[in-house]
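Engineer: Here are the chains, one letter per residue:
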Amino acid sequence: MNTVENKKNVIGSKIKRVDAIPKVNGKAKFAADLYFDRMVYCYLVLARKGHGILKDIDVEKALDVPGVVGVYTYKDIPGENQLGEVVKDMPCLVSVGEKVRYYGDVVAVVAAETYEIAKEAAEKISLEIEELPAVLTIEKALEDKIRVHEPTNVPIHKKIRKGNVEDGFKHSDEIFEGEFYAHYQEQAYLEPQGIIVTPDIDYGFTVYGTMQCPYYVQNSVARVLATSLNRVRVIQTETGGAFGGKEDVPSYVASYAAVAAYNTGRPAKLIYDRETDIQTTSKRHPIKSHYRIGVSKEGKLRAVEIKAYMDMGAYATLSPIVMFRTLVHAAGSYDIPNVKVDVYGVYTNKIPPGAFRGFGSPQVLFAVEAMMDEISEKLSIDPIKLRLMNTLREGSRTATDHLLTESVGAVKTLENIREISNWEHLNKEVEAFNNTHQDKKRGIGVSHIFYGVSLGAAGQHLDASGSHVQINADGTVDVRIGGTEMGQGAKTVIAMIAAEELGQHIEKINVHQPDTAFVPDSGPTVASRTTVYSGNATRLAASELRQRLIDVFCNLTGALAENVQWGNGKFLDSLSGQEISFENLVEHAFRKNAKLNETGWYKTASLEWDAEKGIGEAYVTYSFASQIVVVEVNLNTGQTKVVKAYTSHDVGKALNPEGIIGQVQGGFVQGMGYALFEDLKFKNGQILTDNFNTYIIPTIHEIPEELIIDIVEEPFSRGPYGAKGIGEPSLMPTPAAIANAISRAIGKRIKRIPATPEYILKLIKED
Amino acid sequence: MIVEFTLNGEKVKYDVRPDKRVLDFFRDELGLTGPKEACGEGECGACTIIVDGLNVHSCLMLAAELDGKDVWTIEGLKGPGEKLHPIQEAFVEAGAIQCGFCTPGMVMSTKVLLDNNPSPTREEIKKALEGNLCRCTGYYKIIEAVELAAEKLKGDG
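From first to last, the protein sequence lines are chains A and B.
Position 523 of the first sequence, counted from 1, bears residue number 523 in the working numbering, the numbering being contiguous throughout.
Position 44 of the second sequence, counted from 1, bears residue number 44 in the working numbering, the numbering being contiguous throughout.
Bound-form chain A, shown alone:
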């Protein structure tokens, strides 16, 4: 083993993104940028009714349009007419005689010589649907009179039973209650969904497209086409944002395109327009929650009882696993002896929500943090102090009774936001503003969150990842991982890890687009797990290769292995000062027929979990964050402006600090949109806000003048160099902090997000 401490050359340093140049010169290939010879263009035919029985599909007029190659329905699916990763309740194409369950249900796929023709023909297809009354609210669904699916609208219930809440309430001095609602949020990745399926030279199909989870796509296409996994190869194209919205959905998009490719025998390109994308793809779940919290008069949390209802829409899709995260995060980042949580998944005749950055947790973190703010106000305890008194530390137990033994940076994040915001002064500044302004009021909101990294107990069968590292004769390095780059910087951090472990320059490392033909199923790119899982796998493979290069170096120089150092493209005997460049060393290794490729495989130890009680090790580790936001509310218009914000994140170890800052800035602004104005509007189950003229996401004008970011490093011993996840925690504290800030500004509790001007005005006018 190496006893010389090798100074880190790459990890933790400022690095330019490895994929920046093709993205800035327009050469990067996104899904729509690929063109194939004899390609057909596809367009989908949607049910456009909320609930009913499909009686007939009339395709005659569509087939008459010149340039139409074919119209494909349920009859043209060679395999299973079934989509859905977890529950098999969703057809690929709705069959005649079966139910239409929401506006965006897909009935047919049109293939044509051009996109315009495909779209024109799709509009000529007429559907006969016998309408049924639709279930459009959680309340209506709970009545269970009109059923979306048999036997019940409420098929999923998850729970936590820790301690005894009744005892906890008995021993509390004060009991607080609150009802909250968090609405849908659209991921609004800039690149819409898009897939190309092409018959390939291996007598199977190759799928290209924008996606987070190539292995999900591979499984779905194989199932729909009734073929085997080794006949479906999936290659991810450059992916223009995802945020969870490209977790399960690309499997559906690919399955529709696969039906067209199979039936036409030609490459089939299916690129969604924004309307199709918003009408048919997942969102953040709406969640209604009821909280009851018992505290001592000093502010110590004694008991919490939570009921939450999640609108799963017409199909369960990923909801059962989203609910697991809702369950575990509902009581917040606090050490509470008595916890009772019930989360219910409810079917309605609406869009099926799924994964979105935070995965079912921001909705309940908003609620629990609103409760904390209420407790802080009513008991006159400083909001940071109240959280410090109750937060998780080493030796604490989470709501699921998970004993935390390391990497708990919660306290530091709270202390740091107090310091960087100049807390006392900030409070005086806001007070002074409010004393001199009548029409505008400012408020300070605090939030504090935790986030279980990776898939956790509910998804541990998927929690392993591979990486293939290969050194070429010219000293360049190929790295292939199963995790995807979607903008978050995965390729850069993986290249940094390979460079660090191999001692080669980062410019010589090529992290390829994921391809299922090269790397075995590595699970999904979700749950802020890529740095830990693909990162550890890469580290294992690269460090193995480095040992082989050290052997070659020692043979050539007579150095002792323990004296060898590596970095900046060379290996060095720290004793004699003799050095050999990486390229030279590789040339020698090749001449000796050394094996210069390796596969790393990383998995975590299994987690102890009692699903009946919701007790145990919910996740491998947790990231923590705290945030302070100052808002200004115009009391006449109800409009809110975020003035400034301070945020602190425990990431374990910042491998790529610039990348983390980018994630936190982007997460903050996305969370701000959710908190304030991103508002999905419906009419009879149809989404009215189906493009960017009506679904408003933050523009450059809405961002706060100041966003101060602090990074805490409490190392996670099993993370690469101590790293944990940051992708999702970057967004999670923001909706809660903004809602609390508005509450403080107007003196009324915000219980619904988005806190639109209409809602704020209504609260102000209420007595």
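In short, the hints are calculated from the structure, not lab data.
Please read all numbers here as calculations on a predicted model, not as lab measurements.
Virtual Cβ for every residue (Gly too), placed ideally from N, Cα, C.
The hints are all genuine.
The list that follows gives simulated cross-link-like pairs (lysine to any residue, SDA-like), each with its CA atoms no further than 25 Å apart:
hint, chain 1, residue 1, chain 2, residue 2
1, A, 681, B, 40
2, A, 27, B, 54
3, B, 20, A, 113
4, A, 27, B, 152
5, B, 78, A, 22
6, A, 644, B, 130
7, B, 127, A, 632
8, A, 27, B, 9
9, A, 641, B, 121
10, A, 29, B, 20
Here chain A is said to cover these stretches of chain B; the calculated rule only asks that three of the stretch's residues, wherever they fall, bring their Cβ under 8 Å from a Cβ of chain A:
hint, region
11, 41-47
12, 66-75
13, 135-147
Residues on chain A that point at chain B, a partial pick, calculated with CB under 7 Å:
hint, residue
14, 26
15, 28
16, 188
17, 190
18, 241
19, 273
20, 658
21, 662
22, 665
23, 666
Using the hints, position chain B against chain A.
Structural biologist: For chain B alone, coordinates are given in the frame of chain A:
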């Protein structure tokens, strides 16, 4: 119909269907896939190109309108030699790129701003980029990139 125009500095002549969107013509027929489609209705700016010195949504412009114009896409933007244009360099150096889908449009809007106003204030930068949506970066590093690009361009000369 026949349209004659200047594309990325070269005089070109094409027979086009006049009602084809410039975005589709460039992408599907000329292979210029730098301009992206994200909304198709002029809300997001991902398809931004430069026409006679103004930033234009190519999803809202018809091929017939190209006649006689001076048109630039991201593919035409270059620095001296094989290098990136200083604006592109600034976007790379400032870390202003995440998923990259909005980047070509952002860069083109920045070009128009800095051609007309070499030393923009923060407010002027925001005004110039208000038609370009980004869902990844929160815009902070994009603003830094524009400021850095302005510095670089002044340094050039």
